[in-house]
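Sequences are here, hints too, so could you generate the full structure?
Chains as they are written, first to last, in the numbering used here: chain A, 1 to 298; chain B, 1001 to 1153.
Keep in mind that the hints were calculated from the coordinates and are not lab data.
You can take every hint at face value.
Listed next, the in silico DSS-like pairs over lysine-lysine satisfying Cα-Cα at most 27 Å (straight line):
1. A:K194 - A:K237
2. A:K237 - A:K247
3. A:K194 - B:K1021
4. A:K237 - B:K1021
5. B:K1021 - A:K50
6. A:K6 - B:K1085
Derived CB-CB ranges, DEER-like:
7. B:M1111 - A:V72: 47 to 55 Å
8. B:L1100 - A:I70: 45 to 53 Å
9. A:Y66 - B:L1114: 48 to 56 Å
10. B:A1104 - A:Q57: 31 to 39 Å
11. B:M1111 - A:T119: 38 to 46 Å
12. B:L1114 - A:L85: 51 to 59 Å
13. A:A96 - B:L1107: 57 to 65 Å
14. A:H190 - B:A1104: 36 to 44 Å
15. A:Q57 - B:A1129: 32 to 40 Å
16. A:S15 - B:M1111: 19 to 27 Å
17. A:N76 - B:L1103: 47 to 55 Å
18. B:G1117 - A:R98: 48 to 56 Å
19. B:M1142 - A:R82: 43 to 51 Å
From the three backbone atoms N, C-alpha and C, an ideal C-beta is built for every residue, glycine too.
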Amino acid sequence: MVAKAKRSGWIALGSALVFHLGLLALQTNRIGSTGFMRAWLLEALVPGEKLVDSGFQGVAGVWDGYIALIGVRDQNQELQARNNLLQMQIQQQEEAIREAGRLRGFLGLSESGVGKMVTARVIGRDPSRWLQTVTIDKGEMSGVRMNASVITPDGVVGRVISAGRTSAVVQLITDTQSEVAAMLRESRVHALFKGNGGRDLELDYIDDDGGIAAGDEVITSGLDQIHPKGLPLATIKSVGPQGELFKLVLARPRVDLSRLEEVLVLTAPAADRPEPAEVPTVAPAATPNTPSAALPSQ
Amino acid sequence: MSVLTIVVIVVVQGILAYRFKVFRYFDLPLIYCVYYGFTLNRPVASVFIGSVLGLLQDSLSGAALGTNGFSKAVICFAAASTSLKFNVDQAITRAFALFLFTLADGLLVTMLGLTMGTGVGGARLTDLALSGVFNTLLGLIMFGLRDRIRYAS
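Given below as structure tokens:
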């Protein structure tokens, strides 16, 4: 009886391994492509993921709405005072925004300056711990496509590597398979930044590393045909010792990828986006841009 | 029931890994694989369960389809085969097996990732060892709870 179970077990294992190896072979050189099977599995799982996520949010809502309100009265008074101050500042800035809108119209830019975007909520993270990916609740029905750039108002998050009808998987820029074409904001030196699987990006290729220093701003160059040019990417964190042939340059992403809640997915990039002049901030399509973000550098 | 359980396990793993950083070190599907293999002693069913769990993990993670399917099928089968030869009711045996299976799963996924060029082999050895410890601890707790429920009923 045991021998029979073992024999049939070996046959089952062999069949399963051949099946999985066949699947892997089919995907060789087409990593990340959305096959029918992947899309089907994604569609089967995501409703459950949304359900569980909403359950978590419900619990969090009870916590935030009742338990966490203890001691809020003093905070409320302080916020009221700050609110009055901010109201005055908003009135001053509204005029500046109107002026920026007029100038943007003159320049023929799209509303956001980046392109058409859709807001998506992060509903899950890589369940296998090997990759740095997140699942979002928008898919092809919302215009999300493979290789679409995913950003937040703070900077670049990653790119879509798999899109189902109502959900998609986003590869974060810190994933070891992620590469982003970028350049240093000040020196304009082009570079290729690769994820190191942790919290940082590593400089993989650069034209000239002489002018790199800690604290330098890194922005997208647009050469990878995924992320539009001029989006904030990272800040140089450390540069290896001088005189070595290969210097290890680490950069910290501008976006805190461990605290992602909502992201913007670029569904239709603008044809040619001028780089922001001063403030490296991307505003969502639904909100007005800051004047400096909307204006070209020249 | 099993299909629903499998889906719930993968979904909960994804949500918990997103909500709580520490859960990135746990692998609920792997623990389920080992438990299923140990308790039911059915290698064929174990291979099937492992394959499905792995494929679902792959679909949510964006990894090449079949990477986790391959490793989980092997682990599930190994767990079921182990239970046919050894007594796996003791905590020390379970702890040892959980730790080894976590390492084996990590190595298999790493090797397949390197072969496919997906770079999932970037996991550090310390992370793998930490994951082994965490899975062992959580697995022992879950096994213990499940045993109590089973014996009570």
